[in-house]
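Sequences listed follow chains A and B, in order. So in UniProt numbering, spot 11 of the first sequence is number 11, and the numbers just go up one at a time. So in UniProt numbering, spot 122 of the second sequence is number 122, and the numbers just go up one at a time.
Honestly, the hints are just simulated from the structure, not real lab data. Worth double-checking, as some hints may not be accurate.
Said to hold, decoys possible - Distance condition first, Cα-Cα at most 30 Å in a straight line; then the derived DSS-like pairs of lysine-lysine:
id	chain 1	residue 1	chain 2	residue 2
1	A	LYS76	B	LYS120
2	B	LYS33	A	LYS143
3	A	LYS88	B	LYS59
4	A	LYS143	A	LYS120
5	B	LYS59	A	LYS111
6	A	LYS111	B	LYS143
7	B	LYS44	A	LYS120
8	A	LYS44	B	LYS70
9	B	LYS69	B	LYS29
10	B	LYS29	A	LYS33
11	A	LYS76	B	LYS29
12	B	LYS113	B	LYS59
13	A	LYS29	B	LYS70
14	B	LYS59	B	LYS70
15	A	LYS113	B	LYS76
16	A	LYS111	B	LYS70
17	A	LYS113	B	LYS59
Protein chains: 2
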Amino acid sequence: MFSKACEYGIKASIFIAINSRDGRRVSPKEIAKEIDSPQAFTAKILQDLVRANIINSVKGAYGGFEIDKKDISNIKLSQIVNAIDGDKIYNGCGLGLHTCDEEHPCPVHDKFKIVRSELKNMLENTNLEQLALDIQSGASFLKM
Amino acid sequence: MFSKACEYGIKASIFIAINSRDGRRVSPKEIAKEIDSPQAFTAKILQDLVRANIINSVKGAYGGFEIDKKDISNIKLSQIVNAIDGDKIYNGCGLGLHTCDEEHPCPVHDKFKIVRSELKNMLENTNLEQLALDIQSGASFLKM
DNA sequence: TATAAATAGGATAATTTTATCCGAAATAAA
DNA sequence: TTTATTTCGGATAAAATTATCCTATTTATA
Ligand code: FES
Ligand code: FES
């Protein structure tokens, strides 16, 4: 469904959000440990998220990755997925036709678009704060 | 969403179904042309579908691929997806945790499982005959 | 039986995705 | 200003997916 890069990006963002709520910056090393991902690869994805203005980075001693507290509840899962995997999952044809076009639909178009828009809604209606709270309350987990 | 192999497998199966309804066997060459896919790679996928007992192959002169007419309406998309991409899409965790477990859910589990089961229902309730008829009536298309 | 036509399957190559490594640049604190 | 720490970014490697090629095997027909 999502690429590995995207899975790591989502989990990393949640972990950063949790820590930023407490005013703590985190390093790729800590993040990779907490989300059980390859460190250097995770660092690359963090760079992408910084470039997409979803998270902030602070270089140098006492630096690390963080998210503005006031932004946490405004960052939607869809933004992260979009930054890493692009919009193919929302707009692309499920059977790989060049474009998903109502006028020239593939065999599964009518049924597929329903599932796809369900997914889109889900991603657009889920923000980092909700996800961070669930982790903090022990209702959900970032690894294993 | 689906692998390229799976996209080709679905489209190939539909094309075979259309032709089998008319008692015609088709070759990888014809199939690849009609679904706009790489021929040799498509042939490999056809072999997988044969091994999974979803389509039949007849070797030698006047051979080709076909589907028993009476089976066409009983073959569900889910069988094809399962044969090629496995069941990760139905049963796997959306964020890549080792197992999707209600007792140890990832942050998106509750919302993701709804979308996933929607997709599963869609694939289980769509059979090759419906899809073949839509192509034949010009309501949908296999390429471009 | 010989021949032509067709799938089966192994070997290999190209591409994309995933992952690692290392030095450069930036920054806070001593 | 020096040092330690940390992200940035380029180069490279490994693994998985996608794609190609060639030969073997099977089979209907002449
Ligand atoms: S054309 Fe294939 S999903 Fe819309
Ligand atoms: S645990 Fe992640 S989808 Fe169920």
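Evaluation of the provided hints:
Taken as a hint, the LYS76 of chain A and LYS120 of chain B pair is honoured in the structure, with Cα atoms around 25 Å apart against an allowance of 30 Å. Proximity of LYS33 of chain B to LYS143 of chain A is assessed by CA-CA distance (about 45 Å); at most 30 Å being required, the pair is judged violated. A hinted pair counts as satisfied when its Cα atoms are at most 30 Å apart, and LYS88 of chain A with LYS59 of chain B does not qualify at roughly 39 Å. Taking the CA atoms of LYS143 of chain A and LYS120 of chain A, the gap is near 24 Å; set against the 30 Å cutoff, the hint holds.
Between LYS59 of chain B and LYS111 of chain A, the direct Cα distance comes to roughly 36 Å. Violation of the 30 Å bound is thereby established for this hinted pair. Proposed proximity of LYS111 of chain A and LYS143 of chain B is supported: the alpha carbons are some 18 Å apart, at most 30 Å. For the given pair, LYS44 of chain B sits about 33 Å from LYS120 of chain A by alpha-carbon distance, which is inconsistent with the 30 Å threshold. A hinted pair counts as satisfied when its Cα atoms are at most 30 Å apart, and LYS44 of chain A with LYS70 of chain B does not qualify at roughly 53 Å.
With a C-alpha separation of about 22 Å, the suggested pair LYS69 of chain B and LYS29 of chain B falls inside the 30 Å cut-off, and the hint holds. For the proposed pair LYS29 of chain B and LYS33 of chain A, the alpha carbon gap of about 49 Å is over 30 Å, so the pair is violated. For the proposed pair LYS76 of chain A and LYS29 of chain B, the alpha carbon gap of about 45 Å is over 30 Å, so the pair is violated. Between LYS113 of chain B and LYS59 of chain B the alpha-carbon distance is near 43 Å, which puts this suggested pair outside the 30 Å criterion.
Annotation: proposed proximity of LYS29 of chain A to LYS70 of chain B is violated, straight-line Cα distance about 58 Å (limit 30 Å). Proposed proximity of LYS59 of chain B and LYS70 of chain B is supported: the alpha carbons are some 21 Å apart, at most 30 Å. For the given pair, LYS113 of chain A sits about 18 Å from LYS76 of chain B by alpha-carbon distance, which is consistent with the 30 Å threshold. Between the alpha carbons of LYS111 of chain A and LYS70 of chain B the distance comes to roughly 24 Å, so the proposed pair stays at or under 30 Å and holds.
Under the criterion of a C-alpha separation no larger than 30 Å, the hint pairing LYS113 of chain A with LYS59 of chain B is inconsistent with the structure, at around 39 Å.
Comparing the model with each numbered hint stated earlier shows that hints 2, 3, 5, 7, 8, 10, 11, 12, 13 and 17 do not hold.
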